[in-house]
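Asks: Protein chains in written order, with the numbering used here: chain S, 512 to 931; chain U, 3 to 492.
It is worth saying that the hints were derived from the structure and are not from the lab. Given the structure is predicted, the values throughout are model-derived calculations rather than measurements. Where a beta carbon is used, it is the ideal one built from N, C-alpha and C, also for glycine. Be aware that one or more of the hints could be misleading.
As the list claims (entries may be wrong) - Quick partial rundown of chain S residues pointing at chain U, CB under 8 Å, derived from the structure:
(1) 602
(2) 757
(3) 758
(4) 812
(5) 813
(6) 858
(7) 882
What the hints assert, rightly or not - Listed next, the stretches of chain U that the computed footprint assigns to chain S, with coverage defined by at least 3 CB atoms under 8 Å from CB atoms of chain S:
(8) 138–149
(9) 217–231
(10) 322–328
(11) 366–379
(12) 391–404
(13) 424–437
(14) 465–474
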Amino acid sequence: MSLEQYQDHMEMCMRCSCCKFIPMQRVQGHKYTYVCPSITKYNFHSYSGGGRLNIGLAMLKNGFNYTDKLLDIVYNCQMCGACGVSCNYAMDMEVIEPINEFRIKCVEDGKTNPALEKVITDLRKQGSMVPVTGKRGDWASGLNLKDAAKEKVDVLYHVGCLTSYDKDMQRLAKATVKILQKAGVNFGIAGDNETCCGSRAYQMGYEQDFLNQAKKNMAMIKKAGVKTVITSCADGYQAFKVLYDKFNLKGDLEVLHISEFVDKLIKDGKLKPREKVDLSVTYHDPCRLGRLGEPWIHWEGKRLSKSFVFDPPKEYRRGTYGVYEPPRDVLKSIPGIKLTEMTRIKEYAWCCGAGGGVTESNPGFAQWTARERIEEAGSTGAEAIVTACPWCEKTLKEAIRETGNSLKVYDIVELVEKAI
Amino acid sequence: MALSKEIYSVFEDVVGPENICDDPVIMPSYFGKDFAAVILPKDTKQVQAVVKLCNKYKLKFRPICTGWKGEFPQGIILLDLRRMNRIIEINEKNMYAVVEPYVISAQLQAELMKRGFHFNVKGAGTNTAAMLRGHGHLDQTTSGDDRNHLAIEWVTPEGNIVRSGSLGSTDEWFSGDGPGPSLRSILTSAVPPGSTPGVFTKAAVKIYHWPGPCRFPVQGVSPNITLSEIPPNFMARYYSFPSLDKMMQAEFKIGESEIAFELMGFNIAMVASNMTVSNEEDEEVFRQLKKESQGVGFFIIIAGNCAADFEYKKKVLKHIINETGGKSLESIEKDPRNEGILLHNCIRICASIRETFRSGGRFASIPMMGQRDLTVRWAVGAGKAKRSLIEKDLVVDDDGAFFGWGVEQGHLGKTEIFCRYDPVKPGAEEAVLKWKAEQQKRASDEHYFAMLWGPEDEIGKGLCNYQLWWSKLKKAIDPNGVALEAGSLV
């Protein structure tokens, strides 16, 4: 796709400002009404979903004028997709896709962010979005896991960069392994044959680098004959499930997030959370497991007549079919867990701040976004915020450390591990 | 167009460097106009300081709230008020709420419902400013326009702070007219320019009794949001009638009997848009509702304060509908899902965008205030003229429909007709604007009503040349000519 192909959609924006807020029928008061971190922090309309479309459209028509301010606007966005959900409650138009294409165009035109350039340079060299220390599969040393690249397995566990290399996050991988072993799943990891899924490169606008990663991963999977992939990272989930499909690379590979897989194991009676975990929690929906995790819709058609209708009818990804219930069902299945919801949840959840390369390009903004979420989580009275993505966990934890908040942060696999 | 570095830095000193921008790259998101700068004041003090500087340097300025709509010349200072987003007070005893310009209606309404109140959300939608002047679905029981504005804090075009009504003498917001200065004739108007020069920095709006739940039982994932149940003592229906006269009889009788919580004269095209989640579904439901409908009609919500009150109102409604030959749309009456969607969307006013923009991207509207049974006759003619555009495939098919409703249970009310169209389609915009101009002229020539939009000199002819007086007033309050009037703001 290209920005030009979304011109009709960008023309549809009437600047109603719905993209700044959670869907209007979900507004429950004055607090927790905003959904877009970028406009909420930076205030100028240009930082909203609609503002980005207005600018993109103007540049398509009048030529691209790359100023520092434009790049500030472009890169200070988590690409979380919340604007699109709020717009698409009422409107039939693409929102996050043209915003994404705009960023891709910036990269193609060499208008990049230095911090992101460094990350991508490292990705090209090392196949990782995080600093590499040792080998990718070192965390599994002594666990006697199958090498999915060499041995026949039913399920490939794609661990992901952060969980593989970050010492603090490796416990999530170990917890996941313990759960899978307990349920008797025939699974393996790819170890050193695993490489970055490419999702974060794509969010940063580096489409070609994403495609390179996607092709490497799918070549390995094809060679290994793997039919099912599970991820414990929302970025990885979106990459394999949605983005690989968008670029016709996924084939018939089954992709499940660990929360979906565990939910299924519990419902099939293969896993029984028996141990009591006395904890009041609230659940944070990762953007790329929730609204951006809904399946890709392949559509080709043409516009008809005077209305914005198409032949065949165009379906929009409005955040409706993201993964929302499985992680909640898993939490509810754990004895002792009390789940209380925040105001902004599911398809209209507030982002943790980590997406779109913001962690790297503007850590202060990422932290500000996370602090907002921590404050909202705290308002529920919960002792802990649970999420299902290491990037969310890392960002939220840093915000808690910075603010001295007493809220705890868990990944869902950590609580399941405690309960089995 | 651009400000000199010196002047820019003076404004910067007031609001801080992160709250002023003159980079051309942001301007497309602000109406595509090349403004001298966009400034984001955080409070009345900063607004006052900015306005005074505009006077000092003879710079024209204009404020916006959510900025959904407005007309703006190039080169001005745009005051984007989005940082002024506080609910200052909800006074339950005296039944008013005080808000800053960027509090949206959805926020205020949600806070009010928790407390057993609601207010007049404008038809433009709940995503627009709560202090907005205008009309909406709830006019029947909450009135509209300036009737809901109480005391106002106003930064005048010269940068003075004026507190109108009771606020001018008592620090209380309960009245717009006193004790203290009543500036109703300056601060509000239903005819062009329709906006007050200067900046409203705070306004008190009336709040009303809300007989419903503190929160609607909303369920589902967007956009498939429904109610899990219809709240007790609530009912939503759509009735079509054998003739326009019968519909008006029913509307007046319902008003006289004071049984409707909301009476919104939606046409079925708007109902279809409101309850559907895509344009394709919209077209299909429109066709279905058209089959069920016998002609013009209206949407009504009955809300009882208790079960007995609810039963009484339903009985009266039934009697009126029988008398006037009304027919209930089965798709709504027999499907609680549809009834719930409409009930919720038309109280929270959260689907206006579906009704106006979704199908084509633009709409051009002619709104009017006046005697309902007179203005609808004009609207019938405007609808016939619209049909010729529909036949030429230039605007979205709504069967040439119009809509409207009574205000304060009375015969006076709002009537409106619009065309939905795609501005990119060759000839569409030109045809719609021509239609609009012709129908406005017909309204004036045939003495149906005074236009709410249009050239002041033309409109003034029928209204004691009010524009001449307004022009003198404007000079008095804006001697430097820096405060722009450019149509109503949403």
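Asks: If a hint holds in the structure, say so; if it does not, say that too.
Replies: Hints versus structure:
1. 602: holds, 5 Å
2. 757: violated, 21 Å
3. 758: Check failed: Cβ of residue 758(S) comes no nearer than 26 Å to chain U, outside 8 Å.
4. 812: At about 11 Å, which exceeds the 8 Å cut-off, the nearest Cβ of chain U leaves the hint on residue 812(S) violated.
5. 813: violated, 14 Å
6. 858: With a closest approach of 5 Å, the residue 858(S) hint holds.
7. 882: violated, 18 Å
8. 138–149: violated (count 0)
9. 217–231: Since 8 is at least three, the answer is holds.
10. 322–328: Check failed, 0 qualifying residues.
11. 366–379: violated (count 0)
12. 391–404: holds (count 4)
13. 424–437: holds (count 5)
14. 465–474: violated (count 0)
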